[in-house]
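*Asks:* Sequence:
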Amino acid sequence: MSAQQPDVSSLTTWEDAFQYPLPVVRKLEQQLRRNMEDNRQKLRTLVGASYRDLLGTAERIIDMDEQIQGVESHLGDIGRKCNARMLERIESNHVQMKKERATSEQARYGALAQTKVLQNALVVTVRIIKANEDALLASKLLVLARLLHKSVAESEQAPAVLEDLAKRMRRTRKRLLSYIERSLVRADVDKKFTLQTLCAYALISNSSPKDVLRHFLQVRFTQLESRAESASEADLMDALDLFQRTLADTRELFPKRFLESLSQISKVALTRDVGVRAVVELNLDVYEQWIAPDVRNFIPWISHESIVISEVKNALSSWARHAQKYLLQGLTDCLAQQTEAKQVLEMRHKVLSKYLSLGARFRDESQLRAINDMRGAFLAKLETLTKEAAELALSDMFPDAHDQSAGQGRDLDLWNLAGENLDLGRGATAFRQAVLRRQHGRSDGIRRHTQLFDEWIERLERTKSIAVALRATKWDDDVELDLDDLDDGETMLTALSKQDPQRLEEALLEAATATLRKTYTVIEEHAKGENVDVALHVRMLRELDLRKRGLVATFASFDTVSCDHAVVRSLHLRIATSVADPPLAAYSRWMRVLRYIPTSLWDGTPNLPVQPSTGTFRFLTDLHRQMSASGTDLWAPDAVQTLKASIIEQLAERDVFDVITAREVEVLEDDDHEEEDKVADEAETESTAKESKIDAQLREQHLQMALDGFYLQRALQVSSIVGSSNDNVKASGEGRFSTTVDQLMQHVGLEPAAQERLRKNAHEYWRRTFLLFGLLSG
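Numbered per my numbering, the sequence shown spans residues 15 to 792.
Hint data in this document are derived by calculation from the structure and do not stem from the laboratory.
A virtual CB, placed ideally from N, CA and C, is assigned to each residue, including glycine.
Incorrect hints may appear among the rest.
[Unchecked claim] Subject to a maximum C-alpha distance of 27 Å in a straight line, what follows is the list of computed DSSO-like cross-link-like pairs (lysine-lysine):
id, residue 1, residue 2
1, K478, K512
2, K206, K188
3, K181, K164
4, K130, K144
5, K512, K542
[As the list claims (entries may be wrong)] Estimated spans, in silico, between C-beta atoms of each pair:
id, residue 1, residue 2, range
6, R531, E778, 47 to 55 Å
7, Q55, Q81, 18 to 26 Å
8, R383, E274, 29 to 37 Å
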């Protein structure tokens, strides 16, 4: 027996299977079982498919039976209805059904086509508005859309989107009206565009020409009003341009050109309009056959209410009057915000140039009145700025009543420059300024005050230059206008180029003069206070005088304004008193003391002094030092004369040079102080000798005092005080002092020749020493 497993299909009987070993037989069994199962499944599938086919055949047989029964029923009905009357009625009904079906399809297709055109018309209208294009075409499309909407709404096949399209159409109409208003105020369009926009408004709103003109002027007025109310220069100039364009557009477009344009719109149906048919999105070559005839043949109707030139002129004149009021108010508000006269002058040139050009094109009396009103507004603002420029912040001149440093001269000593570190990077400029500052008493404190004067003068000069520029403006070169051609042209030219500058200069002169006078008054009134810096006020008055003299050539009326000389003299007297009191007090004490007189330095026969005493010389030295310490710039000739007069009067009042007796003097020599414990018999002898010695010393001191008196008379010689209305003080002081010196000369008993020689000695010594007292010698 072979060990290889045989093929099951090769076995013919069951005995053939057992010829193999048992494992092979088992495998043959398993293979046979699998084959049996596979065959069973195939058989089941085959039987099931055949059964379904059998069922389907049965169902078809049943259906055929039902159909055969239906055919037999129909054949029976046909047989019953096959007569002439019935056939005629059937034919009539068939024709009617075909007609109704065609009408229904036409209505349905027409509604769809018109709805499509309606949608596209709205889309194109919105696109035109966004692109800022032809408003007239947009209006035609919107009118067509409105007609289509009405036609579709009346049909039985109205689509469901019709309500939404109606809302879109209302929104589009509002947008179009808004776009028309914006287009009517645009400055970058020509007259043709404006004319088409006006026709678009007439078409979309079905307005008459009068209504269109009224709407046009109202839109322009609203825009002009809003720009004028903004109070800015740019908006004001735009408002003026709009005003000018409105006058020009109204006179050019109404009524002739506008009526001609309206008539062109009413000559052709909307669907046959060239512009409408050019809109590709509408597809009128396709959809036109489905559009209702009343829509397809609609010709726009616009009211042709008569409007004449006189009505246009009246409406324009009324509009111009109201517009000019708002322009003038806008100009006033704009000028109220200006703070620089130069800006006002530039704005004046721009605004009046536009008005003059407008007046040349539209010769109207109202334009001349408007020019005068505008000119008056500018002139009023310039006068206000002029008065403000001429004002001086007087409250800032004395911010601190306790500030006593502004007029002091302690930082004005020229010798102190040696110890300062000056910036010489720009040469000697800093050094020169420092020297001038000290020479003229311009300390840091006084510069804080005089800076107000310098700023004031700068404002005056700047404002004066504005008036000069106002006079130099050439109006007939800047505008296309010959002013002489106007009825009042020469007057207007004179007002603009001569009268306005003259009024501005007069206002500036008047305001500046009043400010100068008030400044003097404020300084003088403040100077009358008790605890004030006298030197500060003197210097302020002097600095103000210097600046006033520099402006007299420009402002002639300044020459009539000056400070009160009585106040200046009182200030000089207060300075003189404060300077002279310490040296005078020391000198009075020194003169009351009897001391040794160096007669060995005397000369001549009789022996007379040739130089003043040390006390007198020290008195003048101390006085000069006090004067220099307070500031050399304070000692103008009048101030020096006031000081001398005050000192002479004080010397006379203090009786410094009165005749001194032995009982009045205080003896300082050492041999005068004898011991009190000397014997009584020597006291009387020594007392007699002492009295004789004192009398000799008194005579020598009187001679020295006489020379001192002559020397002081020469040093303190007072001339006439400028501006003084009363020289009694000077004469009284000098007279009393001269009387005192004369009494001294009589007391010493000198001969006239000796007296004259003593006087010459004093004068000669002053001639040799007056340079040491430079401030007094002036």
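*Asks:* Determine for every hint whether it applies to the structure shown.
*Replies:* Against the structure, the hints:
no.	hint	result
1	K478 x K512	holds, 14 Å
2	K206 x K188	holds, 23 Å
3	K181 x K164	holds, 13 Å
4	K130 x K144	holds, 21 Å
5	K512 x K542	violated, 45 Å
6	R531 x E778: 47 to 55 Å	holds, 50 Å
7	Q55 x Q81: 18 to 26 Å	violated, 39 Å
8	R383 x E274: 29 to 37 Å	holds, 34 Å
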